[in-house]
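J.: Heads up: the protein sequence lines correspond to chains A and B, in order. Residues in the first sequence are numbered consecutively from 1, following the UniProt record's numbering. Residues in the second sequence are numbered consecutively from 1, following the UniProt record's numbering.
One should not assume that every hint holds.
The list treats identical chains as one, so a pair stands whether inside a single copy or across any two.
Said to hold, decoys possible - In silico BS3-like links for lysine-lysine, alpha-carbon gap of 25 Å or less: (1) 401 with 175; (2) 175 with 334; (3) 359 with 117; (4) 236 with 359; (5) 213 with 297; (6) 153 with 117; (7) 105 with 236.
Please keep in mind that the hints were generated in silico from the structure rather than gathered at the bench. Everything numeric in this text was worked out from a predicted model, so none of it was measured.
There are 2 protein chains.
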Amino acid sequence: MNNNAMEKLKNFMGDRLLTEIDERVSYGYDGSFGQYLPDCVVQVLSTEEVQQTVCIANEYEIPLYARGASTSLSGGPLPVHGGIVLDFSQWHSKLEIYPEDLIIKASPGVITGDIHKLAESYNLMYPPDPSSSSICTIGGNLAENAGGPRGVKYGVTKDYVIGLEIVTADGKVLKTGGNTVKNVTGYDLTKLIIGSEGTLAIITEATLRLIPKPLDTRTAMIIFDDLYTAGQSISKILTSGVRPSKMEILDRNAINKVVDYAGLDLPREAAAILLVEVDGDPDVLSKELDIVQEALKKIGVDDIQIASDKEEEARLWQVRKLVSPAIVTSGYTKISEDATVPLSKIPDMFRKIDEIKRKYNLNIVVFGHAGDGNLHPTINTNMRDSDEVGRVEDAVEEIFKYAIELGGTLSGEHGIGTMKKAFLANEISDDGVLFQKAIKKALDPKNILNPGKIFPEPGEKRLVLQND
Amino acid sequence: MNNNAMEKLKNFMGDRLLTEIDERVSYGYDGSFGQYLPDCVVQVLSTEEVQQTVCIANEYEIPLYARGASTSLSGGPLPVHGGIVLDFSQWHSKLEIYPEDLIIKASPGVITGDIHKLAESYNLMYPPDPSSSSICTIGGNLAENAGGPRGVKYGVTKDYVIGLEIVTADGKVLKTGGNTVKNVTGYDLTKLIIGSEGTLAIITEATLRLIPKPLDTRTAMIIFDDLYTAGQSISKILTSGVRPSKMEILDRNAINKVVDYAGLDLPREAAAILLVEVDGDPDVLSKELDIVQEALKKIGVDDIQIASDKEEEARLWQVRKLVSPAIVTSGYTKISEDATVPLSKIPDMFRKIDEIKRKYNLNIVVFGHAGDGNLHPTINTNMRDSDEVGRVEDAVEEIFKYAIELGGTLSGEHGIGTMKKAFLANEISDDGVLFQKAIKKALDPKNILNPGKIFPEPGEKRLVLQND
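Could you put the whole structure together from the sequences, leaning on the hints where they help?
T.: Structure follows, in structure tokens:
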């Protein structure tokens, strides 16, 4: 990196400019693959520091990689072209609630779980709840438009952000949106920036919308003999008149991983289990679960267990939370996909994944947010076994293509990052890529904001696995 | 307009190219002000016809104005620079429901109310419900990101669109989003295009998300002695734990207009009334209204009437629907604003409007979507009385500036169009205008898509009233 640039950074960042190799190395990876080495790291604590850093990067054309807690599963924060990592994880100084306005204002490094706690202490709720919420930052959630199990009823991160403060590629500080839920003044930059993976601007503050916390929840576990019926039951429940607040599925493989990992009492022989939560007034929750039960009876499903108390309910949700750790500890590398399909196509997707699993002889675990068609087919693989890695590549490609064929998407909530960019045009077409690139070029003409993400580079044909 | 261009349009549009003055004249106005004359009108019925028209406009650099049912209150479809009007109102051929996927696909000319009816016939609901829903088109709703009374619980148009087909300024047909609620593949063009007022691309199809229709509704009318307490009660209700599905306010002036117009039995002496609807399971609705009542008691409000049956409930909502017609027929020109403020600032906004009304000696009626801070201060004025029009200008400017000062916005749901562009920079700053213009320029470099909207033209200082 240019010495003058480094000197300038040093001048205002002091000790919070990290340049030693051992420091830099730990900023080179995330929850996906690959290890890259940034030239330096700045641990920013204010909008002014971000702005000054961006101005230097703009002047010297240095790549800028914003980073929260590095839990990304798509390579979002990876410094693939070196340059400067903006470490936001230390900037958690602002977390303010305005209960009368039903909003929270937060700096980018605030942990998502702390937002939940603050909202709940006022009997309010911030619905987005990615699995990593106890460690991930709101900044990362905003960059990737994180989802979570409540998406089926409450939507995703984007649905709860009404305003941002951003720093543009040329170092200007802008406000987008504001403190009101409705706002149609000019283009909706808030919703454009959220989910743009740090490639259009850098977020330095967010205004989040809250809703009243539901009075109570109840949870049912539905046990299936075959995967196809499990898939079918999802549409059936969602058209029964009830709006579940969560609807998560685990296939046999996932169930057994959790049983092995945590010794929980679950039906090992089931083809799948579906966990359904309803929320709202306690007086109607049983009635709602009755409606769900009635709807399922019509397709011959009657093995339903309703949690009798809060402990049992917590245990059921613990099962879902343990799937990822169970897969990670069961060995080798975990490749998490999040192809998403229309609700009526979930049975087809299950059937296809089963077919692919056998065709390529792979260990695929399927679980995910069934209620919005967002499945997480997850593969355990040995990265040193190049034959197996090749089969993984083929399998993942086949899953992507089938999801698109069904009217679905490459990514429901993880983002494109480095992991899926080779397949971008499959979904949005070459013209679509050009249209999106025109926006990128207009807002970041020197390509300094998170370069190497979302858009495929020339000749890129496969997953990052084999490009490394 | 260029003769060759006209000839080319004639070739494929035939009778559906309108060029006579008496035909063109009726495409020159909308629900706001001003009368403009397009060079011609094409009554498009397919994506191909839109695409061909755009290609011709692009080649000859002719302004293109997309138009639905012309109910816009902000000048959205006005052909301010002549050119071609794309009349979408005849293209209502596609209205398809996929109940298992909880989606509807619609062509741009479909009436919003027909979407409601189709969804409800499957026990589903499409929540956005602008007052004009029985006559407006979904295309116009998409262009303006229309709101409506259910916004407080269910959000606005943008929250229910998961995919679009669009024609870009250079005549390419693109799909954005898809058939899934979650999608983070590349930039969120769907949400960028919706609400961009026809300035970034032309929408030719939309995929709308549905939700289960709530089982029942109940409505309460709350009567206030003073406007400030009415404002206060809104936050109070929204933090009580209940989520009302509608929350509409009418001030004394609005109440009396409706009484005069329709002879309804309403408290003429009240400072304001608030209509609150709750929806969901019938067993909890009374309980929820009890919670609302308890919350209001704490601030000394106890004049609450709960509709005892469906007829009474319908009558109460009829009151809200009649406000606009009542104002229109009471004489002169109706100027509808939709400045929106954070919930806790509603009492301040009411106080300010009252002050402005007296200061400028104007007839201002206040009503609107109280639950999301979206007020409609509406002025009746005689456009031939230039002194009064001057006072209206000053009053409106003061309302805009105060809304922004309170952390609110110029426009909650009507859009900027021609009506508010002079004030755009007040809200989003000069740098913000440049950032938005960069997007516009990247996607429509020849400025053929709805030119003259959103962005102020040089020297533009006041409302359109005095620019005409």
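J.: Could you run down the list of hints and mark each one as holding or not?
T.: Hint-by-hint comparison with the structure:
| no. | hint | in the structure |
| --- | --- | --- |
| 1 | 401 with 175 | between (39 Å within a copy, 17 Å between copies) |
| 2 | 175 with 334 | neither (39 Å within a copy, 32 Å between copies) |
| 3 | 359 with 117 | neither (46 Å within a copy, 46 Å between copies) |
| 4 | 236 with 359 | neither (30 Å within a copy, 59 Å between copies) |
| 5 | 213 with 297 | between (31 Å within a copy, 22 Å between copies) |
| 6 | 153 with 117 | both (20 Å within a copy, 22 Å between copies) |
| 7 | 105 with 236 | between (39 Å within a copy, 21 Å between copies) |
Checked against the numbered hints given earlier, this structure breaks hints 2, 3 and 4; the rest are met.
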